[in-house]
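**Q** For reference, the chains in residue letters:
There are 6 protein chains.
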Amino acid sequence: MATVKLVDENTTDPRVKAVFDDIKTTRNVTRVNDFWRALATNPDHLESVWRHLKSVMRPGKLDLLTKEMIAIAVSATNGCAYCVNSHIAAAQKLGMDTQMLGELLAVVGLFNMTNKIVEGYQLQPDVLPHVES
Amino acid sequence: MATVKLVDENTTDPRVKAVFDDIKTTRNVTRVNDFWRALATNPDHLESVWRHLKSVMRPGKLDLLTKEMIAIAVSATNGCAYCVNSHIAAAQKLGMDTQMLGELLAVVGLFNMTNKIVEGYQLQPDVLPHVES
Amino acid sequence: MATVKLVDENTTDPRVKAVFDDIKTTRNVTRVNDFWRALATNPDHLESVWRHLKSVMRPGKLDLLTKEMIAIAVSATNGCAYCVNSHIAAAQKLGMDTQMLGELLAVVGLFNMTNKIVEGYQLQPDVLPHVES
Amino acid sequence: MATVKLVDENTTDPRVKAVFDDIKTTRNVTRVNDFWRALATNPDHLESVWRHLKSVMRPGKLDLLTKEMIAIAVSATNGCAYCVNSHIAAAQKLGMDTQMLGELLAVVGLFNMTNKIVEGYQLQPDVLPHVES
Amino acid sequence: MATVKLVDENTTDPRVKAVFDDIKTTRNVTRVNDFWRALATNPDHLESVWRHLKSVMRPGKLDLLTKEMIAIAVSATNGCAYCVNSHIAAAQKLGMDTQMLGELLAVVGLFNMTNKIVEGYQLQPDVLPHVES
Amino acid sequence: MATVKLVDENTTDPRVKAVFDDIKTTRNVTRVNDFWRALATNPDHLESVWRHLKSVMRPGKLDLLTKEMIAIAVSATNGCAYCVNSHIAAAQKLGMDTQMLGELLAVVGLFNMTNKIVEGYQLQPDVLPHVES
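Chains as they are written, first to last, in our numbering: chain Y, 1 to 133; chain G, 1 to 133; chain Z, 1 to 133; chain H, 1 to 133; chain F, 1 to 133; chain L, 1 to 133.
Do not rely on the hints blindly, as some may be mistaken.
The list treats identical chains as one, so a pair stands whether inside a single copy or across any two.
As the list claims (entries may be wrong) - Only pairs whose alpha carbons sit at most 27 Å apart, straight line, appear in this in silico DSSO-like list of lysine-lysine:
hint	residue 1	residue 2
1	Lys61	Lys17
2	Lys24	Lys93
3	Lys24	Lys61
4	Lys17	Lys93
5	Lys5	Lys61
6	Lys61	Lys93
7	Lys17	Lys54
8	Lys17	Lys5
9	Lys5	Lys24
To be clear, the hints were calculated from the coordinates, so they are not data collected in a lab.
With the rest of the complex left out, here is chain Y (with noise of 0.2 Å):
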């Protein structure tokens, strides 16, 4: 059970309403996930956070799709569930089939394997980025 009463979607608060409203134009959707309408108890919040994501989540030099998976690695890195599954539904609706799915939790369980040797082995950088100066 969530810890606070989600606002309904029909809300009639004007700011609130005009960021479900945005929600749905812009995903073509036709609710708004449980996530909204908990932020939406505290509208500065709502309207911050929706103005960051849409920000960061339109097409640059990554896809969407390559975004939507790095969020599912970042979420099963994390182990949140709500975060799982409605990233996995949105890679899903962009193209992502089981055997994709199957190789970037390949991915996500290697390096969480490795990046805990390197801890316990407390092995200091050996290879450096190259920073383009």
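Fit chains G, Z, H, F and L to the given chain Y structure using the hints.
**A** For chains G, Z, H, F and L alone, kept in the frame of chain Y given last:
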């Protein structure tokens, strides 16, 4: 300082040398990273991790650059300095530039934020992935 | 389902009963949470955790509400459902309303985001705390 | 070493300069932290993160010192050195002394402990927050 | 609900069947856990993870019970419910009783606490492991 | 650099001195680690953490070496450098050699991997611990 003495790159231990040679050949490099030199203190582990990594890190439905960017996402989420550095260097060799890294880290940051907001509001999955029957 | 059988609230084990009674008295409650009933399977641990918690969770320079909000921040960052729920309930008893929870989770989310961006850019401390000499 | 070349504080890029100037004005400081100089490699991200941070980090029902102490709790839980240092410095400017830091870290440590004990015993929520109807 | 359709235990896919049979034989069990049935959606991954797990989870200088208790420590620290449950069950089969689990979780809790206090105080290593020369 | 001034090992503060003396006696060492010198800035916390640690870190059904290896597993999973170093040093004093460390980190790596794969596939517990009735 590493918590074990790294195995010399020119070791004559046949099992370790075989893996080191395979790493150099597979990656077309002339030296072996400290990660492998630390693992080599336990040759069984060295062989098994390398075999698993080779299996996962080959091109499939996801290309290698995408896989390295997922490795960066995992390593940044875990805060592993050695890992962040080496995977950024690897991704750069495969074509990732500063703009792409910026977009990648924007996505990593965003979803680490939303993951934790979701935990605070204790949201239950409301969008389920499509599971092929 | 818990991984151990919770100890009965009305246990006659004298060491466990003494802690349970102290919990009820200290917190002015009539029942003992499952956390303590699980710990009671190991009375040494029960006594020691309760003693430590009592020592930390008393008003000092930080008031109890602030301490409970910090507990929520930690629990949301760790994604512990039981903990998020119980610490939000405790903070509510001390006066936290939905607006305060919203602000708290906004801060929790924000800095989980910036923490991970910092790891991705591998920034070294450039602002050091003032250390009293 | 950072994984990107930090943008010069005296950059003439108008979008970056506008944000840097706003940071200096808002915080009444003469230099811009490395965090913002790293973000500035991606001006869209710089603008959006700064806008979001400004929105969240203003006094509300929680005062700024409380918000900075929550930032310390999150950063210590995540083990981010840059973040711990900068948020402790910020909290000190707002009045946090060594005693308060000690109490804060005592609470952070305590609930990281109980969070993990709860996960080991797999406890299900038994105290639910009050959700306003 | 799992994010993929689990592969049937009686699958006729020869690669998957070979791994499933080896799991049953190696562990002397009659059914295959959901973990392996999920991995089987990607047979390459299934084979490689099983091979790696078999290599690591055999008695060496550490016995199997110690290895399973370490698995519990990792899983509780990560907060993975499926993993905590299955590793506790495995350790119980190897002789772990409630008292041992209690001691194990006491240690897990304690060092999750001290780890985070250390991060808050930003302590640098002052006791270095002995590295064999 | 630590975020507080470490308390001098030769402090004359009676409460702190009593704990420092007890640490030296209990562990048969001549100096006090920085962890305790940082905690000593808050004597209540110092006393309570030391008392709790002494309670947990005594031989029980699990021996001290096993407990220190669990401490390494937790510290590597959390990526705490100070902690990894000090617990490896402690385990070495109790008899852990490089081979045992290698096996330990192999287990730590393996289950960090499987933990995150499980989260990605969102598996629900299918093997439940035996709970004594």
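**Q** Could you run down the list of hints and mark each one as holding or not?
**A** A quick look at each hint next to the structure:
1. Proximity of Lys61 to Lys17 under the C-alpha cut-off of 27 Å is restricted to the inter-copy arrangement: shortest distance 24 Å between copies versus 32 Å within a copy.
2. For the homomeric pair Lys24 and Lys93, the shortest alpha-carbon distance inside one copy (16 Å) is at most 27 Å, but the shortest distance between copies (37 Å) is not.
3. Within a single copy, Lys24 and Lys61 get their C-alpha atoms as close as 25 Å, which meets the 27 Å cut-off; across copies the closest is 31 Å, which misses it.
4. For the identical chains of this complex, Lys17 and Lys93 are intra-copy neighbours only, at 25 Å inside a copy versus 31 Å across copies, given an alpha-carbon limit of 27 Å.
5. Proximity of Lys5 and Lys61 under a CA criterion of 27 Å is satisfied inter-copy only: 19 Å between copies versus 39 Å inside one chain copy.
6. Taking CA atoms no more than 27 Å apart as the test, Lys61 paired with Lys93 passes in both settings, with 20 Å inside one copy and 17 Å between copies.
7. In the homo-oligomer, the alpha carbons of Lys17 and Lys54 lie at most 27 Å apart both inside one protomer (17 Å) and across protomers (23 Å), since each shortest distance falls under that limit.
8. For the identical chains of this complex, Lys17 and Lys5 are intra-copy neighbours only, at 17 Å inside a copy versus 37 Å across copies, given an alpha-carbon limit of 27 Å.
9. In this assembly of identical chains, the alpha carbons of Lys5 and Lys24 lie at most 27 Å apart only when taken from the same copy (21 Å versus 30 Å across copies).
Checked against the numbered hints given earlier, the structure satisfies every one of them.
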